[in-house]
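Asker: According to the numbering used here, the sequence shown is numbered sequentially starting from 251.
Keep in mind the hints are simulated off the structure, nothing from the lab.
Please read all numbers here as calculations on a predicted model, not as lab measurements.
Be aware that a few hints might be false.
Unchecked claim - Restraint-style ranges between C-beta atoms, simulated for each label pair:
#1 320 x 297: 17 to 23 Å
#2 296 x 337: 16 to 22 Å
#3 273 x 353: 19 to 25 Å
Ideal Cβ positions, reconstructed from N, Cα and C, are used throughout, including at glycine.
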Amino acid sequence: MRKSLFLLPLLLLFAACDATDSDVASANSTVTVNYTGTLEDGTVFDQAQGATFNLAQTIPGFRDGVAGMRIGEQRTFVVPPEQGYGAQGVPGTIPPNATLTFEVELVDVL
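Model the full structure from these sequences, guided by the hints.
Answerer: Put into structure tokens, the structure is as follows:
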């Protein structure tokens with residue numbers, strides 16, 4: 251499995267694994283994903299298998315990290331605070347100005 255590292259605007263970094271020719275997610279797609287979100291210290295703040303949602307309703311860094319993925323593709327990407335939850339964070343879950351890492355597998359594009 252080949253991995254590639256890409257640099258996107260605003261320092262959104264991700265590593266991608268090869269996927270088959272299949273549907274591609276766009277920033278407005280409704281997708282089904284398996285994912286784990288962690289803080290810089292490795293603490294898991296969220297994870298789900300088979301979660302379905304519209305990418306336009308997610309934080310910008312997650313939306314941009316998943317956009318362009320093909321079904322079956324796996325990516326790990328780092329989301330800086332300004333593309334995540336910013337200075338407010340999520341009380342009790344994500345501290346203010348947190349850098350987040352997501353491991354995502356795209357299961358389906360609906």
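Asker: None of the hints should be skipped; say for each whether it holds.
Answerer: Quick rundown of the hints versus the structure:
{"no.": "1", "hint": "320 x 297: 17 to 23 Å", "result": "holds (22 Å)"}
{"no.": "2", "hint": "296 x 337: 16 to 22 Å", "result": "holds (19 Å)"}
{"no.": "3", "hint": "273 x 353: 19 to 25 Å", "result": "holds (21 Å)"}
Violated hints are absent here; each numbered hint is respected by the structure.
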